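Engineer: Go by the hints and put chain B onto chain A.
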Amino acid sequence: MLHTLSIGELAELLTSKRLSSVELTQHFLARIERFNPSLNAVITQDAARSLAAAAAADARIGRGETGPLLGIPLIHKDIFCTDGMRTSCGSRMLDNFVAPYDATVVERLANAGMIMLGKANMDEFAMGSSNETSWYGPVRNPWDTSRVPGGSSGGSAAATAARFAPIATGTDTGGSIRQPAALTGITGIKPTYGRVSRYGMIAFASSLDQAGVFARSAADAAPVLQAMAGFDPKDSTSVDAPVPDYVAALRNPLAGLKIGLLAEFFEGLDPRNAALLEAALDVFRALGAETRAVSLPSLPLSVPTYYVVAPAECSSNLSRFDGVRFGYRCQDPKDLMDLYQRSRGEGFGAEVKRRIMTGTYVLSAGYFDAYYVKAQRVRQLITDEFRAAFGEVDLLLGATTPTPAFALGEKVDDPVTMYLNDVYTIGANLAGLPALSMPCGFIDGLPMGLQLIGPHFSEARVLNAAHQYQLRTDWHERRPRGYDA
Amino acid sequence: MSDSVNQDWEVVIGLEIHAQLATRSKIFSGAATAYGAAPNTQASLVDLAYPGVLPVLNAEAVRMAVKFGLSIGATIAERSIFARKNYFYPDLPKGYQISQYEDPIVQRGTVAILLDDGVAKTVGITRAHLEEDAGKSLHEGLANASGIDLNRAGTPLLEIVSEPDMRSAKEAVAYMKKIHTLVRYLEICDGNMQEGSFRCDANVSVRPRGQATFGTRVEIKNLNSFRFVEKAIQYEVGRQIDVIDSGGRVVQETRLYDSDKHETRSMRSKEAANDYRYFPDPDLLPLVIDSSFIDAVRASLPELPDAKAARFATDFGLSAYDAGVLSASREIGAYFEAVIAEVGAPQAKLAANWVMGELSSALNRDGVEIDAARVSPAGLAGLIARIVDGTISGKLGKDVFEAMWADGGDADSVIAAKGLTQITDVAAIEAAIDAVIAANPKQLADYRAGKEKLFGFFVGQVMKAMAGKANPAQLNESLKAKLSGGHG
Numbered sequence: 001m002l003h004t005l006s007i008g009e010l011a012e013l014l015t016s017k018r019l020s021s022v023e024l025t026q027h028f029l030a031r032i033e034r035f036n037p038s039l040n041a042v043i044t045q046d047a048a049r050s051l052a053a054a055a056a057a058d059a060r061i062g063r064g065e066t067g068p069l070l071g072i073p074l075i076h077k078d079i080f081c082t083d084g085m086r087t088s089c090g091s092r093m094l095d096n097f098v099a100p101y102d103a104t105v106v107e108r109l110a111n112a113g114m115i116m117l118g119k120a121n122m123d124e125f126a127m128g129s130s131n132e133t134s135w136y137g138p139v140r141n142p143w144d145t146s147r148v149p150g151g152s153s154g155g156s157a158a159a160t161a162a163r164f165a166p167i168a169t170g171t172d173t174g175g176s177i178r179q180p181a182a183l184t185g186i187t188g189i190k191p192t193y194g195r196v197s198r199y200g201m202i203a204f205a206s207s208l209d210q211a212g213v214f215a216r217s218a219a220d221a222a223p224v225l226q227a228m229a230g231f232d233p234k235d236s237t238s239v240d241a242p243v244p245d246y247v248a249a250l251r252n253p254l255a256g257l258k259i260g261l262l263a264e265f266f267e268g269l270d271p272r273n274a275a276l277l278e279a280a281l282d283v284f285r286a287l288g289a290e291t292r293a294v295s296l297p298s299l300p301l302s303v304p305t306y307y308v309v310a311p312a313e314c315s316s317n318l319s320r321f322d323g324v325r326f327g328y329r330c331q332d333p334k335d336l337m338d339l340y341q342r343s344r345g346e347g348f349g350a351e352v353k354r355r356i357m358t359g360t361y362v363l364s365a366g367y368f369d370a371y372y373v374k375a376q377r378v379r380q381l382i383t384d385e386f387r388a389a390f391g392e393v394d395l396l397l398g399a400t401t402p403t404p405a406f407a408l409g410e411k412v413d414d415p416v417t418m419y420l421n422d423v424y425t426i427g428a429n430l431a432g433l434p435a436l437s438m439p440c441g442f443i444d445g446l447p448m449g450l451q452l453i454g455p456h457f458s459e460a461r462v463l464n465a466a467h468q469y470q471l472r473t474d475w476h477e478r479r480p481r482g483y484d485a
Numbered sequence: 486m487s488d489s490v491n492q493d494w495e496v497v498i499g500l501e502i503h504a505q506l507a508t509r510s511k512i513f514s515g516a517a518t519a520y521g522a523a524p525n526t527q528a529s530l531v532d533l534a535y536p537g538v539l540p541v542l543n544a545e546a547v548r549m550a551v552k553f554g555l556s557i558g559a560t561i562a563e564r565s566i567f568a569r570k571n572y573f574y575p576d577l578p579k580g581y582q583i584s585q586y587e588d589p590i591v592q593r594g595t596v597a598i599l600l601d602d603g604v605a606k607t608v609g610i611t612r613a614h615l616e617e618d619a620g621k622s623l624h625e626g627l628a629n630a631s632g633i634d635l636n637r638a639g640t641p642l643l644e645i646v647s648e649p650d651m652r653s654a655k656e657a658v659a660y661m662k663k664i665h666t667l668v669r670y671l672e673i674c675d676g677n678m679q680e681g682s683f684r685c686d687a688n689v690s691v692r693p694r695g696q697a698t699f700g701t702r703v704e705i706k707n708l709n710s711f712r713f714v715e716k717a718i719q720y721e722v723g724r725q726i727d728v729i730d731s732g733g734r735v736v737q738e739t740r741l742y743d744s745d746k747h748e749t750r751s752m753r754s755k756e757a758a759n760d761y762r763y764f765p766d767p768d769l770l771p772l773v774i775d776s777s778f779i780d781a782v783r784a785s786l787p788e789l790p791d792a793k794a795a796r797f798a799t800d801f802g803l804s805a806y807d808a809g810v811l812s813a814s815r816e817i818g819a820y821f822e823a824v825i826a827e828v829g830a831p832q833a834k835l836a837a838n839w840v841m842g843e844l845s846s847a848l849n850r851d852g853v854e855i856d857a858a859r860v861s862p863a864g865l866a867g868l869i870a871r872i873v874d875g876t877i878s879g880k881l882g883k884d885v886f887e888a889m890w891a892d893g894g895d896a897d898s899v900i901a902a903k904g905l906t907q908i909t910d911v912a913a914i915e916a917a918i919d920a921v922i923a924a925n926p927k928q929l930a931d932y933r934a935g936k937e938k939l940f941g942f943f944v945g946q947v948m949k950a951m952a953g954k955a956n957p958a959q960l961n962e963s964l965k966a967k968l969s970g971g972h973g
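If you read the protein sequences in the order shown, they are chains A and B.
In terms of my numbering, the first sequence opens at residue 1 and continues consecutively.
In terms of my numbering, the second sequence opens at residue 486 and continues consecutively.
FYI, nobody ran anything at the bench for these hints, they're computed from the structure.
Keep in mind it's a predicted model, so treat the numbers as computed, not measured.
Mixed in with the good hints, there may be bad ones.
Said to hold, decoys possible - Listed next, the in silico BS3-like pairs over lysine-lysine satisfying Cα-Cα at most 25 angstroms (straight line):
id, chain 1, residue 1, chain 2, residue 2
1, B, Lys570, A, Lys353
2, B, Lys570, A, Lys374
3, B, Lys706, B, Lys655
4, B, Lys967, B, Lys938
5, A, Lys234, B, Lys965
6, B, Lys621, A, Lys334
7, B, Lys716, B, Lys755
8, B, Lys936, B, Lys967
9, B, Lys663, B, Lys606
10, B, Lys965, B, Lys954
11, B, Lys949, B, Lys936
12, A, Lys353, A, Lys334
Claimed, not checked - Some chain B residues near chain A, calculated using beta-carbon distances under 8 angstroms:
id, residue
13, Val541
14, Glu545
15, Phe573
Glycine included, C-beta positions come from ideal geometry on N, C-alpha and C.
Extracted from the complex, chain A is given alone in its bound form (with noise of 0.2 angstroms):
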């Protein structure tokens, strides 16, 4: 069962020449193999090119190197670019593009000896919240496979749930890492913006995407984050700030934390889920933190201003992909009009165009201050009040979901429900904080997340107190049945 065990266990197992890279290589790709068509949350392997990444892995171990991710596999969500890999962003429109390099985040964590098995299904585009909008088809969630594994992370998040590799990476925009997270019933951590580098990410919403890890614990997502992160030169937005050592602040006792509880998360909660963040309240009391209450008032607003400003940026991002260079190109265009119509409009799926022509309309002349610069107004003023609670408190908790996962099909053809499913993630994005999603119980049998959110580079202290829960909670133990065989 060696899909059970931590990376920290993993890791000693490698060191110790107990196991190679390759056995554990091999022993994630035929489970990839055997699990992925139930899931979908694979789309592109190179078995060869892993197994040779194990090899050299060994080889590194052999000569007495060391380190804690040193022959660890993981999965890549597709949006991250793979040298002469393809690369597809979960869209038509890339999907013959072979990516020329690698994204800094690959780079970093093969630098780091880890092994990509894959990359991971997405929606398209990273848009959406139910991973229904990927061109390769929905992933599945592997507590229920007839309900969505959130998004647009959730190949990620059901490969980590469903232990195809003990590391996923993700990105999250609005919510793509913790919410996909949550239904999965896994932990996923999107630090603060600047803290990973997004050279070689594929933008979606550029002053709103960020990098990070799913794991199966906060002690699993500690180091592989270290090693992500940092000031990247190729990144004008990554911030050039020295990364603390997450690994050895997870050890730090709770007593005096203070944990703020946002009003506006617990305002209308299900009561089911509000019992159980009660329950998980009385866990970090238990390890001497204090709660208060808070109030962001103007947080509410986040969601209608997320989706002025998201759009907006994507409209502009995508435009790169006109068939020109790169990517889908319709056959036989007969102008260039037509080339860009057609490439344009075949390659991309429907919501993807959605948010291309609402942030097309939002910037364009006479709707620009009425949308766009009021939505920017907003937005400081959401991040202004986030300072100002955490002038009171270390960290802000409250729920990642308002609802367990949902079934396929269910939201699909309603996109503000849809949006709404962010409701409780989009205000971190939008003020650039680091937030962490870890489960903390189930809801009619399904796996439901609580959230952590810290201010600007707490991500010590968010991972700290997520592990401090963990050590004293088993619900990240908590796996879906039937993947173990």
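Structural biologist: What follows is chain B alone, placed relative to chain A:
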């Protein structure tokens, strides 16, 4: 149609000049900017707008923009913003151009221009902002297809936007030349107009004299020579006046200048104009420039053209025109000053005449730049010294200069080789005069009878006899004495 003669109409012109900054790499990528490479060999993944790539601002481009701003007395914005200008075109790989819109790096400056009548005029510069150039579409040599060359995509541009302060095509050209001089002085642009490194769009309108509000303006795109700027504006002014005179209205539009037919023609109307949907580029943080950076750039500024011209006028007693010509580029100013260093300030006017006269015509004739001149400043100074000390006449000096230009060598060796040394020896000159007088008794008699015009005849005869080498002053003096019969 000349724009200076019309009594009824006032012409209003503003220019948007695009100066390509002379950085080694592009404004947001590490690719080279050299001109003339094979298509798409200088386009990196960033220039090609591959998925996932990000722009990183070239600090050198920022330094150059600040240099320009300081040289026109402008405000350097402490915080300026890069924005995206969104439109689809195959030579624009990202589908947007990164430019500056609401908060440009350089704000509100001025330059002085000297008009033909010697009057100075101040032209306001509204702003100068950094942006990236687009690539090029290639339509030749491809059957049923267009090619795209992205070598130029991402080349840094400084767009310099003037106030509508010019009142004639000539003023517009004077202003454009001034900016051209300035950017080359600052070494921020090579000024090569044929390669498109320096080009402009002209906004032109006319209004009845005395009217306070501006007329409807027309933008003429992509003018890449001073002559085209002048011709295009003149044509456009005439066209607009004709439209109004015949009862029509000028339409706000963008027009292209056809340099073969010398006319402008409509490209697109305001109604058809793109909505560029500008918004701040989220991939680039606001550009923050602190005062220490500005101070360092200020300290690195060279002497600017106006300051140099003023110094030439004051120190060397040159006219404003001469001082302006000799400071038109750093190179010509340096050449002139190197000559002065040898011959001394009192000979400045003579040196100025040689630099602006013989040297300039030789440079123009052979199409070489002054720093590659075949007569060095020291060489020209040596020649001037021989004129000043009377070894040769100014007239012979031109022959010496041509010989130096053609075959190299210094003035003294050319003079010696050609035996051009001027003869000042009184005895030799008088001997020649005596011989000429003896050979021309009739002319002597006529002269002495009052036909003084014959003096020139004797000068010519003596000069001819002495192969042109007689010192003219000495010749005059001795000849006068002999003809009047002083010494028999």
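Engineer: It remains to establish, for every hint, whether it holds in the given structure.
Structural biologist: So, going through the hints one by one against the coordinates:
1. Distance check on the hinted pair: Lys570(B) and Lys353(A) sit about 20 angstroms apart at the alpha-carbon level, within 25 angstroms; holds.
2. Annotation: proposed proximity of Lys570(B) to Lys374(A) holds, straight-line Cα distance about 20 angstroms (limit 25 angstroms).
3. At roughly 18 angstroms between alpha-carbon atoms, Lys706(B) and Lys655(B) fall within 25 angstroms of each other, so this suggested pair holds.
4. A threshold of 25 angstroms between alpha carbons decides the hint, and for Lys967(B) with Lys938(B) the separation of about 16 angstroms falls inside it, so the pair holds.
5. Using a Cα cut-off of 25 angstroms, the hinted pair Lys234(A) and Lys965(B) is violated, with the two alpha carbons roughly 86 angstroms apart.
6. Simply put, Lys621(B) and Lys334(A) have alpha-carbon atoms about 21 angstroms apart, close enough for the 25 angstroms limit, and the pair holds.
7. About 24 angstroms separates the Cα atoms of Lys716(B) and Lys755(B), which keeps this hinted pair within 25 angstroms; it holds.
8. Taken as a hint, the Lys936(B) and Lys967(B) pair is honoured in the structure, with Cα atoms around 15 angstroms apart against an allowance of 25 angstroms.
9. Proximity of Lys663(B) to Lys606(B) is assessed by CA-CA distance (about 12 angstroms); at most 25 angstroms being required, the pair is judged to hold.
10. Between the alpha carbons of Lys965(B) and Lys954(B) the distance comes to roughly 18 angstroms, so the proposed pair stays at or under 25 angstroms and holds.
11. Our distance criterion of 25 angstroms between C-alpha atoms is met by Lys949(B) and Lys936(B), whose separation comes to about 21 angstroms.
12. Proximity of Lys353(A) to Lys334(A) is assessed by CA-CA distance (about 23 angstroms); at most 25 angstroms being required, the pair is judged to hold.
13. Nearest Cβ of chain A to the Cβ of Val541(B): about 5 angstroms, under the 8 angstroms cut. The hint holds.
14. Hint status for Glu545(B): violated, given a least beta-carbon distance of 15 angstroms to chain A, over 8 angstroms.
15. Taking 8 angstroms as the C-beta contact cut-off toward chain A, the hint placing Phe573(B) at the interface holds, the least distance being around 6 angstroms.
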